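Engineer: Chains as they are written, first to last, in our numbering: chain A, 7 to 782; chain B, 23 to 349.
The reader is advised that the hints may include incorrect statements.
[As the list claims (entries may be wrong)] Pair ranges (Cβ atoms, derived):
1) A/Q248 with B/S27: 48 to 58 Å
2) A/M209 with B/G156: 38 to 48 Å
3) B/G219 with A/P78: 37 to 47 Å
4) A/S116 with B/Q123: 53 to 63 Å
5) B/K299 with A/E399: 49 to 59 Å
6) B/L75 with A/S116: 49 to 59 Å
7) A/E399 with B/L104: 58 to 68 Å
8) A/K39 with B/L104: 17 to 27 Å
[To be verified] Computed footprint of chain A on chain B; a stretch qualifies when at least three of its residues, placed anywhere within it, have a C-beta under 8 Å from a C-beta of chain A:
9) 27 to 36
10) 332 to 341
Calculated from the structure, these hints are not laboratory results.
These figures come from a predicted structure and were not determined experimentally.
We put the beta carbon where it would ideally sit given N, CA and C, even for glycine.
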Amino acid sequence: MEHEPAFFETSPTPGVVGKPLNRVDGRDKVMGKAKYSAEYPLPGLTYGVLKTSDIAKGRIQSINASAALKEPGVLAVFTHLNLPKPAKTPNDAEGKKAIGAPMGFLPLTSDAIHYAGQPVALVVADTFERATQAAALVRVSYAAEAPIAAYTDKRAQRFNPEKIQDGKADGYTRRGDAQAAMAAAPVQLTAVYTHAINHHNPMEPGATTAIWEAPDRLTVYESTQGVTRTQKSLSAYLGLPQDQVRVVTKYLGGGFGCKGSCWPHTVLTALAAKGVGRPVKLVLSRKQQFTSMGHREDQTQTLRLGATKEGKLLALIHEKTSTTSPWDNYAEANSKIINLLYDCPTFESHYELARANVMTSTFTRAPGEAPGSFAIECSMDDLAYQLGLDPIEIRLRNYAEKDPSTGQPWSSKSLRQCYARGAELFGWSKRNPKAGVTKNGRLLVGYGMATASYPVHNSQGTARVRLYADGHAVVQAGATDLGTGTYTVMTQVAADSLGLAPDKVRFELGDTKLPTAPNSGGSVAAGTVSSSVYMAAQDVWERLTKMAIKDPKSPLFKAKAEDVAMENGRLQLKKDASKGEDFKALMKRAGIDDIEGSGQGKYGSGYEAGQSAATAPDAHKDEAGKHSMHSFGAHFCEVQVDPDLGTVRVTRWVSVHGAGRILNAKTARSQIIGGSIFGIGAALMEATARDPHYARYTNADLGDYHIPVNADIPDMTVEFIDEHDPYINAMGVKGIGEISMVGVSAAVANAVFHATGKRVRDLPITPDKILGTKSV
Amino acid sequence: MNNFSYLSTTTAKDATAAVTGTKGAAFIAGGTTVLDLMKLNVENHSELVDINLVPFKGIEQTADGLRIGALERMSDVGEHPLVVQNYPVISQSLLQAASPQLRNMASIGGNLLQRTRCGYFRDVAFPCNKRNPGSGCPAQEGENRNLAILGGSKACIATHPGDLGVALAALDAVLLLENAKGKQRRVPLVDFHVVPGNTPQRETVLEPGELIVSVTVPAAAHARKSMYLKVRDRASYAFALASAAVGLDVQGGQIRTARVALGGVGTKPWRSVAAEKILTGAPATEATFRAAAAAAVKDAQPREQNRFKVELAQNTLVRALLELSAA
Chain A
7 MEHEPAFFET
17 SPTPGVVGKP
27 LNRVDGRDKV
37 MGKAKYSAEY
47 PLPGLTYGVL
57 KTSDIAKGRI
67 QSINASAALK
77 EPGVLAVFTH
87 LNLPKPAKTP
97 NDAEGKKAIG
107 APMGFLPLTS
117 DAIHYAGQPV
127 ALVVADTFER
137 ATQAAALVRV
147 SYAAEAPIAA
157 YTDKRAQRFN
167 PEKIQDGKAD
177 GYTRRGDAQA
187 AMAAAPVQLT
197 AVYTHAINHH
207 NPMEPGATTA
217 IWEAPDRLTV
227 YESTQGVTRT
237 QKSLSAYLGL
247 PQDQVRVVTK
257 YLGGGFGCKG
267 SCWPHTVLTA
277 LAAKGVGRPV
287 KLVLSRKQQF
297 TSMGHREDQT
307 QTLRLGATKE
317 GKLLALIHEK
327 TSTTSPWDNY
337 AEANSKIINL
347 LYDCPTFESH
357 YELARANVMT
367 STFTRAPGEA
377 PGSFAIECSM
387 DDLAYQLGLD
397 PIEIRLRNYA
407 EKDPSTGQPW
417 SSKSLRQCYA
427 RGAELFGWSK
437 RNPKAGVTKN
447 GRLLVGYGMA
457 TASYPVHNSQ
467 GTARVRLYAD
477 GHAVVQAGAT
487 DLGTGTYTVM
497 TQVAADSLGL
507 APDKVRFELG
517 DTKLPTAPNS
527 GGSVAAGTVS
537 SSVYMAAQDV
547 WERLTKMAIK
557 DPKSPLFKAK
567 AEDVAMENGR
577 LQLKKDASKG
587 EDFKALMKRA
597 GIDDIEGSGQ
607 GKYGSGYEAG
617 QSAATAPDAH
627 KDEAGKHSMH
637 SFGAHFCEVQ
647 VDPDLGTVRV
657 TRWVSVHGAG
667 RILNAKTARS
677 QIIGGSIFGI
687 GAALMEATAR
697 DPHYARYTNA
707 DLGDYHIPVN
717 ADIPDMTVEF
727 IDEHDPYINA
737 MGVKGIGEIS
747 MVGVSAAVAN
757 AVFHATGKRV
767 RDLPITPDKI
777 LGTKSV
Chain B
23 MNNFSYLSTT
33 TAKDATAAVT
43 GTKGAAFIAG
53 GTTVLDLMKL
63 NVENHSELVD
73 INLVPFKGIE
83 QTADGLRIGA
93 LERMSDVGEH
103 PLVVQNYPVI
113 SQSLLQAASP
123 QLRNMASIGG
133 NLLQRTRCGY
143 FRDVAFPCNK
153 RNPGSGCPAQ
163 EGENRNLAIL
173 GGSKACIATH
183 PGDLGVALAA
193 LDAVLLLENA
203 KGKQRRVPLV
213 DFHVVPGNTP
223 QRETVLEPGE
233 LIVSVTVPAA
243 AHARKSMYLK
253 VRDRASYAFA
263 LASAAVGLDV
273 QGGQIRTARV
283 ALGGVGTKPW
293 RSVAAEKILT
303 GAPATEATFR
313 AAAAAAVKDA
323 QPREQNRFKV
333 ELAQNTLVRA
343 LLELSAA
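Work out the full structure, taking the sequences as your base and the hints as a guide.
Structural biologist: Dropping the structure here:
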């Protein structure tokens, strides 16, 4: 990495990077000009509507589409009997791997029904309304069997997987002898935590518009967090070379993980378009959204904690039981954060899965870290009360100076500062250490806090810069803007890297025609793409420097390349700034209107260790470098609880994070606020109810699946600790999309305990779980 | 959603004639329920007869109380000074319901006919005795957290979802109905909705083709001093877990008249005469309110997940009475 330039060195005083620049796409969005993936008015466009299964398990006996096909404008009713065959399916392990499918099953490939809401037909018509009407007229008869709804069903087959998530994480982890350490620990706590099913529910549902440009060439306008991953999946599904599939996502109305993979409706739409020979657009209904793109699984965690009487951790033993689908071993890796958050000499974790008639669950914002932090951060709170210590003090006594799970030093960690600054902003010192005694009239007032942490996952990507001699630039990367500000922050990075004002830079993203960028997931996008953009700009300067030192008319003629630096668009000698020239003059003299550079940005362990991370085993890619790389933060929460009515309202909120370089103070603050609200939703109200007998959701709409509304959320205070991390990437950026919600549900639950003296370990904390609470 | 025809009418006579004359036809006013349920294929109407131009309008003081035209919008009624001042429980029940967008569309008559949010009713893949009589009620042993503890039967425990009906039940409101022959009749709100029994598909006494013309509410001291308290899973835009519509006339610490109805817990707006009997003539104290609340839920038959509503409904009622008597 010494050979790679770093933004810290080339731009010691950033220009617009870090500033609260307004969103560059904001105006287009509020004017309705930003085109989302279901908004491309293609000639000959047709509309696809899914017909989904009424049962959760069994077989399709017959499908009668005759009434549907008689409807005007109906072009086709595709079922497992007549859908054009894909080249591969994820129904076998080889196919699943090649496709990179999140679920080992593609509907419409057989008569088998494995989950409620599974697509059984795809109707195509010339209008959305006609397709919808026809879908209702398709008659499907089933041979139903009794389904299993969840791990809580006694009939569910339970097992301990060797690996979870297709090998990405271990099903069993052991560090030291936790059982012996637990048995000998003077203080022993055991707690059971449950987490409801949560659905991502982005404002924009899953949407696909597929158009076959030629018999072997497909373009898809897709609502996805990663155009390249979708491109790879579709090329494997359809047996096309990757370059014959183009995927476009210019704007995304949220994703939260459910758009991180290529789900069945996308390839079904492409196959339907092939079948009808016309472009097909398919948008999931809100109800279908609940059974089409995964969810956060229902789960129980048991956490045992052993400590000294002084509160020093001796052992942590974690067990998780959760529901998975008939095919896959998916579980969020909750134990990872529990293994590294505190200095604890021993650790053990087990995963247990139960097969049920549900689709495969998937990454949901801070997968693993969110529910895992709920368990460890509530148990640490318990320990603090048990020993009469302040919740911050118990965390400081167990502060991890290096990563206990790997023994590696941290690349950077500002958690102490986060605790201190958060406590100061919140007024933590005013907290009465006793639970259940602080009141505001009839309401019980509670303060709670929790630690947040999220890894810097290994990632890489590329970008291209085209700098024009007239002082403008176009910068490109096939990245995604989930709505969080990628367009804006990359414009800022490009502007500083090129010495231009941001309004002279246009950043383009969301197209596989552009240089390849990673999925916007796992909080890798900001750091990877910004580093790629920065490296591409450096490439431009290297080329221009070469031109200058060979140009007898340049003041830099015969200078050494390593002695030349760029400042504000001017190439000049590092030691004598007066010797140099503006890039425009140089380019004009050379007779070139524009110059292109490209660059590869590496993020996480791959940056520190070179390429080795890419070939490391899946479960250990993040450990390839010498350092353990994580963001850290702390949330502080005040709740007011009505003990008679059971209502919990968050009345104050402070989040302080150390997350490397913050690219835009405004969009970063908004993202932390958004993530915290996401976490408050999980803490207090989000729960998808699955009927225990029918394995079917009973509240699959936004009227009955509650997410927070404005009235649930107070003003929120967000700050960042200045953090300079040279090991993580060229920009020194850590992602913030996910850490924003890690620890949030624990902070809320801890505040509820402080208010009421009642520990609710079953999320969400709805009024029924508070009732019966009286002040202590 | 099925295809349907659409007819706009300007008189009650044309509207009722159209609905009675066409098989599968239904009225549409604000459309916030009927279109929702048609999109879910829960209701399948061949024709929608638009009554928005029928002149069932007006929010006015009458000789003995308040008259609200059935086609007034929730938002207009909820914000009307006459309602806010003299019938605060009605205003509050309206403004705590739904969202501003829905309140701007939904009519008063339609609101009283709003159908349950029971998840089994709203998904045609499930059996449901209300939607498909005789098919069964999976809610009894299923997801019943927000279903009714009062007025249920083995056939159905679906909650009446509305707020306005609860306020109107408390205040002795009377509905004026008109049928296809132009014949009008008056039905007290408390008799308008019916408990499910063995026929949960029948939710009101409204006859086919019959329209709600208006709602009248008698003026009273307990109407002027009234309030609506709604407890829900989030601070706004949610159906009630439990709600209480209460009216009190307290003089010298003694309750002269009281009105009590509960929402979110009954299969219909749940007026509690038993609670009112305990309150009437008693001192306005928490002990009285507690006794009244216990009486209000005496017949509760909770299921596994909605047991908490027995306590919550009482606490909600007590809190409403405490706040009202302290105001």
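Engineer: Can you list which hints this structure breaks, lowest number first?
Structural biologist: As far as the earlier hints go, 4, 8, 9 are violated by this structure, in ascending order.
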